[in-house]
Structure formats: structure tokens, C-alpha cells
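If you read the sequences in order, they're chains A and B. Numbering-wise, the numbering used here puts 101 at position 101 of the first sequence, and it's gapless, one number per residue. Numbering-wise, the numbering used here puts 75 at position 75 of the second sequence, and it's gapless, one number per residue.
It is worth saying that the hints were derived from the structure and are not from the lab. Remember, it's a predicted structure, so these values are computed and weren't measured experimentally. One or more of the hints may lead you astray.
[What the hints assert, rightly or not] Calculated pairs, SDA-like style, for lysine to any residue (alpha carbon to alpha carbon, straight line, at most 25 angstroms):
| hint | chain 1 | residue 1 | chain 2 | residue 2 |
| --- | --- | --- | --- | --- |
| 1 | B | K214 | B | E61 |
| 2 | A | K240 | B | R3 |
| 3 | A | K245 | B | A82 |
| 4 | A | K240 | B | K66 |
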Amino acid sequence: MTENKNTKVSAENLSLWYGPFQALKDIHICIKEKEITALIGPSGCGKSTFLRTLNRMNDLIPSVKTEGSLLIDNQDVNSPDIDVVALRKKVGMVFQSPNPFPMSIFDNVAYGPKIHGIRNKDELSHIVIKSLKKAALWDEVKGQLNKSALSLSGGQQQRLCIARVLAVEPEILLMDEPTSALDPISTLRIEELLQELKNQFTIVIVTHNMQQAARVSHVTGFFLTGELIEYDLTENIFTKPRNKKTEDYITGRFG
Amino acid sequence: MNRLNYQNTLDELKREILKMGSLVKEQIELTVSALAAQDLELAQKVIDRDDLVDALELKIEEQCLKLIATQQPMAKDLRTIAAGIKIIIDLERIGDNAVDIAKTTLRIGHEPLMKPLIDIPRMTVITEDMLKDALQAYVNEDVELAESLAEKDHEVDRLHGQVIRDVLTYMFENPKNITQGTHLMFISRYLERIADHVTNLGENIIYMVTAERKDLNT
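With the sequences and hints as input, model every part of the structure.
Next up, the structure:
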């Protein structure tokens, strides 16, 4: 695997229940830093549930129970000592449908830093510009930062959501099907953006698009009915998977 | 099972490749018969039929490209199609070598042979057997059978060496034998090349089934 990089996230015997239903079964996974890891699998397989364990978004769902260990930078994410707000700053999330706030482009990106206590206008401006540049949106919106975010196109809105996440200086980016609501060109632009971002951030992306997983990721995990069936270098998963279930899924024989 | 249509298209691809393999095998049988019997008409028939082989190669290549463009094949499907493209190239070259033998037959078919053909027919039997095994290995995805082609190829190489030595002896003994001798050496070389191409088929079959890259022509 990727020998030289440190482990950023590691799960051991991780299980999760929604009430009586077990959504994750004994997950063992080791995600390396500054790489793109793709999670694939049919609907309901647990990949998004797993993603949400990384920033404890599942806490928002009633009757969720977790067992096992999940470490980020060797710290137990579920420990009672963890500041969940700080966790969600460190581990940012981008969702399938772009969800800009109903405010200006500037205010969208500045929102997070403001909440975390930054009040200085110059500092906020600097952060907003830097984040929009990192999200490859700056050239399209400079000079119009007061425009409503809702007036942007789908692809632009999604890049704005990425800028919003980057503004609070995360270390890990979680992306839950970030391009499935976008047109092919916007999709490819965001994929290119991910290639730049991976040099700075650890990225975990859930995707239904097999070709996207093959294009962008270094490592891929295949989930099925709550289990991690196979986890390997992307080039191996897509050319010579070891498990027949993986082969059947990626060749479209089921799913 | 999902993608029934896609599976049917993949099966159809394999059938077409087998069809091309059978056609090429027939070409070898005919060209060798033509040589043994010094049958000039049959040799010409082999030359003319090569158009069918070439046309089939183009047809199958287009099928492969269409599959790649429209179905986004992964894993074994992708290897099957990639191997398929390489297999038809080797089959087409085998077809060309059969034509080369036929053309040589036309050149030397007017005169009696300087010596009875012994090793060349042995080479043709082994080479035909190899192609038959390769096609069988392809259909049954039989890696062991594909691997066994390596040994048969060594035997063909050995016989080729023997042909060269024998023919050179005849050529040294009598310069009048030089022209025919040269052509006989070419024929032996074409058969040796056919065997090499069949080992390539074996390598592609192994890759298709296991994703392993093996060299059968060491």
C-alpha cells in the first residue's frame, strides 16, 4: 500500500446500529493522510454511514449506537473528552446537493471563521479570498462577492461549499457523492480540484460513479451490507479485485 | 443478473474471436497441404482467403472499441476486451504467415523438392496442435493448457534449427539447391513465427483469466 504516508484515520471493530438495525459490521480500515480514498458500494451498504462516523454527524440521528474504535490522529473520536465542534472543524463535509446558505458569496465563506471567533474584517477577507482561490472559484466570482450564493450555477455552488469547508482550515475532507447532482463538465472540474487539494488534505469520497472512483482515488474501499468487503489500491480494485463480490459489483452484475 | 445485453455482447465478442481463430487454423491446414502436394491452385486459394481474415480482424476490433466506449468495462471484462484486441492482432499475423508459406509454395512448386520434407511437416503438426490448444484454452479459460504452449514452442524452435542445418548441408553440397533451399528455410521460419504468435495467444489468455503477465516464449 502507501508505505510512506502516516495513518490519519483508523477504525477497528467499528460497528454501528440505527436502533436494532446494524448498519456497520466490524469495520477495520486504515486511511492514510493526504490521499484520496474512495468508498463505493450499492445503496444502503453503509458507506455514507461510515463517512459520517468520522465527524460524528451520526450523533444527530436518534437511537444511534456505536461500538469499537475510531481514531483520528490516534485520538478516539468517540471519547467523551472530544470537543465535537472542534472535530467538525477539523473534519469538514461536502454533501451531494450543493447547500449554500441564503446569503452572499462572501458571507457563506466567512460564516465558519466568524462562528469560530474571527471578527477582524481584513482577516475575514483574507480567509474568504484564500478559500475561494483554493476551491478554484475565485476567478469566476471576484468582484461579485456580495452577490447571492443562490444565483450561482450548480457547479459553482458546490465549489462554494468546498470553499466554505476550506475556510475553517480542516485536515480531512469528507465528500458524500459531491458531483452526482452536477453536469459532466462541472464534475470534471471538481475532480481536478480534488487532485490539487489532496496535497494538503486527507480526502474521503463516497461515490456511485465507478469511473470517478477510478479516476480520482489512490485507494478504494468496497462496502456491502455494512461490511468492508475489500480495501486496496484503486488500480487493483478495478483491474483485478480479489473478492468475487467486488468483481460482480464493479462489473455491474449486481447493485 | 444485471446487464444481460452487455453480457450477450461480451459472449458475442468471444464467439467472433473463435471464428477468426478457426478461420486462421484452416488457413494453416490448407497452406501446409498445398506445400506438401505442391498444389499451386490451393496455395493461391490461401492467398485469396486472407482478405476474410483481415476483414474479421477489423470487425472484431470495432466491436471491442464500441464495448469500451459504451459499457465502461472493469476488471475481468476489461481484461477480456484488452486481451481480445491483442489476440486478433496475433491471429491476423498468423494468417499472414500462412499466406507467406503459400506464396513460397508458388515459387518452388514448379520443381521437384530437393529432399523429402520431414521436419517441416513435423513442425506443422505441432503448430496446428498449438493453435487448436490455444483456442480451446480461450474458450475454457484454461490457464494450464495455455501454459503448456511454451513447451511445444520449444520443440518447434528445435525443429527449425534442424531444418536450417539440413538445408544448409544440401546447399553446400550443390549450389543448384540454393534457391529452393532458401525458400524452404523461409517456410520453416514462417512456421516458427506462427508458433511464437500462438504463445502470444497463450500469454493473453493467461492475462485475461488471472491478470498475470507470463512470458511463454523464453
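Now for the hints, and whether the structure bears them out:
Restraint check for B:K214 and B:E61: satisfied, since their Cα atoms lie roughly 24 angstroms apart, inside the 25 angstroms limit. Our distance criterion of 25 angstroms between C-alpha atoms is met by A:K240 and B:R3, whose separation comes to about 20 angstroms. Taken as a hint, the A:K245 and B:A82 pair is honoured in the structure, with Cα atoms around 22 angstroms apart against an allowance of 25 angstroms. In summary, the hint linking A:K240 to B:K66 is supported, as the alpha carbons are separated by about 22 angstroms, within the 25 angstroms threshold.
In summary, this structure violates none of the numbered hints.
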